[in-house]
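Trainee: Starting from the given sequences, assemble the full structure and let the hints guide the process.
Going line by line, the protein sequences match chains A and B. If you number the first sequence the way numbering that gives the first Met the number 0 does, the last residue is 695 and the count never jumps. If you number the second sequence the way numbering that gives the first Met the number 0 does, the last residue is 349 and the count never jumps.
A hint or two may mislead.
Straight line, CA to CA, 30 angstroms or less: simulated DSS-like cross-link-like pairs of lysine-lysine [claimed, not checked]:
| hint | chain 1 | residue 1 | chain 2 | residue 2 |
| --- | --- | --- | --- | --- |
| 1 | A | K132 | B | K34 |
| 2 | B | K264 | A | K66 |
| 3 | B | K264 | A | K178 |
No wet-lab data here; the hints were simulated from the structure. The structure displayed is predicted, hence computed values, not measured ones.
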Amino acid sequence: MTKMADYNGPILEIDKLSISFFTRLREIPAVMDFSVAVQPGEAVGLVGESGCGKSTVALGVMQDLGKNGRIVGGTIKFKGRDLSEMSAEELRGIRGNEIAMIYQEPMASLNPAMRIGKQLMEVPVIHEGVSEKEAYQRALEVVTDVRLPDPERILNSFPHQLSGGQQQRIVIAMALMSKPSLLILDEPTTALDVTVEAAVVELVKDLGKKYGTSMLFISHNLGLVLETCDRICVMYSGEAVERGSIHDVFDEMQHPYTQALFRSIPLPGADKNARPLVAIPGNFPLPHERPPGCNFGPRCDYFEEGRCDADRVIPMAPVHGNDRHETRCLRFEEIDWNAPLTLADQKEKMPPGKVILKMENLKKYYEVAANALFGGGEKKVVKANETLSFEARESETLAIVGESGCGKSTFAKVLMGLETATEGQILLDNRNIEQIPIEERDTKTISDVQMVFQNPFDTLNPSMTVGRQIMRALEIFGVGGSEAERRRRMLELLDLVKLPRAFADRMPRQLSGGQKQRVGIARAFAGGARIVVADEPVSALDVSVQAAVTDLLMEIQRKEKTTLLFISHDLSIVRYLSDRVMVMYLGHVVELGTTDQVFAPPYHPYTEALLSAVPIADTSVVKEHIVLEGDIPSAMNPPPGCPFQTRCRWKSEVPGGLCEREVPPVRQLGGGHQVKCHLSDEVLERMKPVIKVAAE
Amino acid sequence: MGLFILRRSGVMLLTALCLTFIVFFLTNLYPNLEKLAKTQGNFRMSDEAVASWLDANGYGGSMVSKYGQWLGVLPGWTRETEKGVTGRCITGTASAEQAAEAPTFCGILQGDWGYSTRFKDEVSDIISERLGNTGLLMFWVLMLMVPSALLIGVLAGMREGTATDRTLSTASILTTATPEYVSGVIFIAVFTSSTVGLKWFKGTATSAMDNPNFENFFLPVLTIALYGMGYIARMTRASMTEVMTAQYIRTARLKGVSFHNIVLKHALRNALIAPFTVIMLQFPWLLNGVVIVETLFNYKGFGWVLVEAAGNNDIELLLAVSVVSVVVVLVTQLISDIGYVYLNPRIRIS
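Mentor: Structural data, given as structure tokens:
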């Protein structure tokens, strides 16, 4: 099948598209009155929270809505031809050939029982009818293009033999095999680590330029869209609410939802006491429970009764003076968009109290059989944590930052008592607890050290009411003498996490993600916890909910003087809420200091790269561009010497190959700031800030 | 890989030892032996007579030593009486010189499976003949059952909820829900009797033991195959529908792969991983579960021997049957594990 003839208009033109899913009960409109146009060579971002219909639009373009989904109105034109009028045969010729898609989960999108090479070669064989040999050459070429090492070996491997980043590169390579005119990227980096994400995003941008491909980039991450796209379309509850060029929308937003979205994400330079995040009140409406009039009305600050909730469709209105900038708001011309944010109440920074938790040279090694399934083979040692030392004080927030596999979860497990330490000590109130597994810890210790988990969906018992689960925790912690007393305390805890008391009798499935996480927090604080380990507590939640949950954690911390160990990979949020930051890489603490020290030079080279990788949703921020090559080495087979030496861009500054021979010592840079690096003081001095806010 | 098979074989051997010991223990419990003595000797034997009979025929002594003898790792028992020497390894009564020449060890390791009290014949002969019969039956059942079950399962599962799916699923539930003794009787009535008039096949498979052909062998094969087919088809269908909703199938679809190729190239291998284990589990079932069909069609196979041995308290034969069953179960499971590794590249023995 050959390509379609050249066409001068927009590559993709979606006009007043409406898509509904049909269930036995009712019709559920997923996308309503949605229009967007993608010009040749242009990248358009589609932004919104989960459930807003952005993926449905992508599948609509692919004409792959499943049995229940149907386009009920509008048209999708690709190079001037209406896709819904094409036959199955014609569609097949377009899929993968003219329009290609990159998916969210690379592992699930690749066939586990088929070699990579075969999956790649399939594309040109189907669409261009080339020979196996030629297809192989093409595959080899594209795999080299996506910068994978040793392409021949990669083509001959199965998907599970590659790392997440490599798998995503293969998915990208597959999409580029037949040089499509339109590339749809559905959250292509959500499952990846920040530094890997940065590399993948850069790759996509470069390849887009090289092949002249138009892109439809679907994401919930505003920073990422800013970095990759020319135009943006913000979606809310099945509708496009604002559309325009990146700079118009980021700098002169004209819709309350866009504004609220920006206010709920932490920006660099903002800290929790100076500028608290503004959460969007209320919850996302379910598709069959949308309010009359403006969908965002009930959560909007500028809501006007009788006008915004009048039962009529609100049209997109052009914003004058800007190029193709439109908004779906009745009042956008009346709202003063430049009005300063009314700071609710500035919070005083709590002075940190006495040292509660102290780690000294903590080590955790695992012994794994080289051959896990069939046993035997030689034992390998995984060094999950290497000489971890730090202190945490009362009412202090210590952030632990690092990518997957850096040992942050292992550390949390050892602290919680789910694992015992190999060496070193953990002192809680000057008592050693590193060798006491959780079964042998006394109630006091257990209730003192509690955890808030990453995924609120799996950590609540689905067959027990919320109240019962909290009361069960109270019972275990020995709080309250009687059932009635515990019930009273449980209701107080619900107040603390700002959930209505009526929720006590609800089942977890009746709660939204944010509400579930609040229950998780209530449970953690049930026994008056003094140390709370929060393991990525908001990363599974939507942006607008993240702010509310983060603020809640902060507030309880202020009230209870809790020590919060905040494990995260999101540097924006870490900067926003933590007092001190600990950066980990391959089990080593590479940098430790106060937030200001860590976020300003001199950096550890890894911290520098991490900072550069974080997408920032602010057009006035200029970042230095650092892309790390390769993947994180396996902890089972760490490089000799400095753990970061394989990816470090400063390595050449250290004479004599010292980095490859010796693990660098911990160096004090004054003020409690410590760095594990061989770089000399002069070199560290020379480092420039990665993130700069450009002069207004 | 070699090491893996070696280790698995070791584990298998150990399992086989344990299982055979359990069977040995249960068949050699005193009430069984008492019954044996009375059937072999005299029904009106007194308790003392039973005890002395058992002692004289080598059924005395501890369970472990008897098991060792049966296995062939301990020397077989000998007993000198005024008539001559009797013993485990000596047929009948022999003189002292003949006894000296007889082998010391004679258990299953030496290939001596014992003597069947029911058939008055060497156990090894009976087993090999009957196993051959059932093996032939099993082979044809598998040849019919597995391909058609997979075909039905894949056809039903590739488009969930369609008319094809509903029809095939109903059919497979129907065949699984109909026991062999019902379907077998119906087949005999329909295809062999003069009531319906379709005299296509023979109602008995007795002649198939010597000379199997389509006419006398198809009905028993069909009866067993239909019963097992529905089960495998259901498994395959479930696995296929799951695979068809997987994200990599969507990837293939949006790559422009035709439906035909999606099923054959992308889905099939992944969908066969789960049913494979089930298919391998059919072997032990076929070996012993065919009793009913074998009886129905008067085809004397392995299942029939098992029933005869159990019903007549034929200890040696029963033990031999269980040894064969245990070995078949373990070997098919080993094959199943190795095959699984080949089907599923995520499990690799590095």
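Trainee: Which of the numbered hints above does this structure break?
Mentor: 1
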